[in-house]
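Asker: Here is how the chains run, residue by residue.
Protein chains: 2
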Amino acid sequence: MTKHSTHSTGWSDRLRVSGPVDLSAIDTSATPGVLDKDAAEDVFGGTSRSLSKLQERLFAGSLSGSERSVLLVLQGMDTAGKGGVVKRVAGPMDPQGISHHAFKKPTEEERAHPFLWRVEKELPAPGHIGIFDRSHYEDVLVPRVHELITSEELTARYAEINEFERRLVSNGTTVLKVMLHLGRDEQKNRLLRRLDRSDKHWKFNPGDVDDRGLWPLFQDAYEVALTETSTEHAPWHVVPADKKWYSALAVQQILDEALQALDLGWPAADYDVEEQRKRLLAT
Amino acid sequence: MTKHSTHSTGWSDRLRVSGPVDLSAIDTSATPGVLDKDAAEDVFGGTSRSLSKLQERLFAGSLSGSERSVLLVLQGMDTAGKGGVVKRVAGPMDPQGISHHAFKKPTEEERAHPFLWRVEKELPAPGHIGIFDRSHYEDVLVPRVHELITSEELTARYAEINEFERRLVSNGTTVLKVMLHLGRDEQKNRLLRRLDRSDKHWKFNPGDVDDRGLWPLFQDAYEVALTETSTEHAPWHVVPADKKWYSALAVQQILDEALQALDLGWPAADYDVEEQRKRLLAT
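Protein chains in written order, with the UniProt record's numbering: chain A, 1 to 283; chain B, 1 to 283.
Calculated directly from the structure, the hints in this document are not laboratory data. Here the structure is a predicted model, which is why all the values come from computation and not from measurement. Treat the hints loosely; a few may be bogus.
Identical copies look the same in the list; a pair holds intra-copy or inter-copy alike.
[What the hints assert, rightly or not] Once the Cα atoms are required to be at most 30 Å apart in a straight line, the calculated DSS-like pairs of lysine-lysine come out as: (1) Lys-87 to Lys-244; (2) Lys-53 to Lys-37; (3) Lys-203 to Lys-121; (4) Lys-188 to Lys-53; (5) Lys-278 to Lys-200; (6) Lys-203 to Lys-87; (7) Lys-37 to Lys-243; (8) Lys-87 to Lys-104; (9) Lys-53 to Lys-203; (10) Lys-243 to Lys-188; (11) Lys-104 to Lys-278; (12) Lys-37 to Lys-203; (13) Lys-105 to Lys-243.
Bound-form chain A, shown alone:
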């Protein structure tokens, strides 16, 4: 029942943003499209299986020359749950078709290059699902918050990103962008939990508290970035992230819809099956 209502509207349609984005108008604890956690787990489990099959087709296609790939970009404030989403969504898929990359603070070498240089190197190969935990969007968020570059430079970067993503899409990459939209209070809870447990201390960084102090500036930077770069070819989705089971489900469904839309078949054999069977039986 819930399952059906879940599937009646597309998840991408439901969570996609366009035009001027107002994050304060989007409830971080909402769960649009699904009734509760039990219903979510039910849908999640079913999709895990079908998604693995779709991933296999994507991968198989690349061996017979298809250029198709998928890039999932995950952004969000600290503790928004990017890592957890990756683990839950990508875990059941075949690791050999996944290329995951977590972008850290740029190194000196990276800073010496144009900001898309390090991103280019991590793009998914044909047949792969690339997952970016943070991305080139850090290069418009952080500089805006800390006023590291001029507003003209920022504007140029948004345009550059749009051009870059347009090129990816023309080359056969489906670009899915997701902002995990976390509430400020929930972030506090999650950071406190990291301090409470010694097995979570490694996940905490004093800089997270500094960034938290800049919360309104980051929200603003996100709003501008999403407004400027949510395009027809590479739209942004804003996924409420206070409930981890919800954000995992939403990202999974967005990915599943995108793969379904590719209408992937199994590639045809480029050899004569019967001839090969004969050869094989003779060995």
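For this one, chain A is given, so just place chain B on it according to the hints.
Answerer: Coordinates of chain B only, in the frame set by chain A:
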């Protein structure tokens, strides 16, 4: 019961080879260390959970400066099940701590470099578990079978590999090497199945039948390679591979033992926890 007897002898001890290797003396359908499939699934499930925790510790350590990493090298004849083992063993782990690479036939650029050049580039970063589906061992197997290089060059390559792996180990990488030892009849069954099912055609390659025709030469090349490169610091394991549930379990157990031996703790906080709590509560 089976669980206990499984753990009483180490898997690595059981399956490790040293000295002159005679593959024909190792039964490809044996299941040493476990009674049957049910017992295997039981052990596998339990270890999946503990292995994920160990992987998290390995990853956490790297954020506080540990250089430790693990490299799992998988080799085997076509259809030996390398991909399936990766999927089953690595699937439950966190994708952000896994770096998987499948080595294909060398490209022109790769052939223009020393054979370890492309391998070097794919080594796991600190904190990561790297998984090689095929590896630098292709560069001693294929050339020997097809007589592409002289026996002096081959001998030099074995030595180079041993030196290379010794360096990895000194730099904090645990090197685990596994040959999935498949029976010739079972390979025939698996190749036939790929021809029978149109959703498996993409996995079949007429070259697989050619290689199958060279079976004794490949077994011989494996025997020499294993004999020459099963070292104290980077031993080879020969895992019977006719039963997929067995090979997945064995590889998982070898990996689990290696991680347990690292005796990984959670890294201590490099900040004052109480001070950070106060700062956080003030926000």
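Asker: Have a look at Lys-203 and Lys-121 and pick one of within, between, both or neither, based on CA distance no larger than 30 Å.
Answerer: both (26 Å within a copy, 28 Å between copies)
Asker: State whether the alpha carbon distance between Lys-37 and Lys-203 is at most 30 Å within one copy, between copies, both, or neither.
Answerer: within (26 Å within a copy, 38 Å between copies)
Asker: Using 30 Å as the alpha carbon limit, work out where Lys-87 and Lys-104 are close: within a copy, between copies, both or neither.
Answerer: both (18 Å within a copy, 27 Å between copies)
Asker: Classify it for me, Lys-243 with Lys-188: is the Cα-Cα distance of at most 30 Å met within a copy, between copies, both or neither?
Answerer: within (14 Å within a copy, 50 Å between copies)
Asker: Up to 30 Å between alpha-carbons, please classify Lys-104 paired with Lys-278: within, between, both or neither.
Answerer: between (54 Å within a copy, 27 Å between copies)
Asker: 30 Å Cα cut-off: does Lys-105 pair with Lys-243 within a copy, between copies, both or neither?
Answerer: Cα proximity of Lys-105 and Lys-243: one copy only (27 Å, versus 45 Å across).
Asker: I want to check one pair: Lys-37 and Lys-243. Are their C-alpha atoms no more than 30 Å apart within a copy, between two copies, both, or neither?
Answerer: Within one copy only: 9 Å inside a chain, 38 Å across chains, cut-off 30 Å.
Asker: Taking 30 Å as the upper bound on the Cα-Cα distance, should Lys-53 and Lys-37 be classified as within, between, both, or neither?
Answerer: both (25 Å within a copy, 25 Å between copies)
Asker: From the Cα coordinates, with 30 Å as the cut-off, is the pair Lys-53 and Lys-203 best called within, between, both, or neither?
Answerer: between (33 Å within a copy, 14 Å between copies)
Asker: Have a look at Lys-278 and Lys-200 and pick one of within, between, both or neither, based on CA distance no larger than 30 Å.
Answerer: Classified as between; 17 Å across copies, 59 Å inside a copy.
Asker: Please sort Lys-188 with Lys-53 into within, between, both or neither, judging by C-alpha distance up to 30 Å.
Answerer: Between copies only: 25 Å across chains, 39 Å inside a chain, cut-off 30 Å.
Asker: At most 30 Å between alpha carbons: which applies to Lys-87 and Lys-244, within, between, both or neither?
Answerer: Answer is both; intra-copy 12 Å and inter-copy 25 Å each pass.
Of the numbered hints listed earlier, not one is contradicted by the structure.
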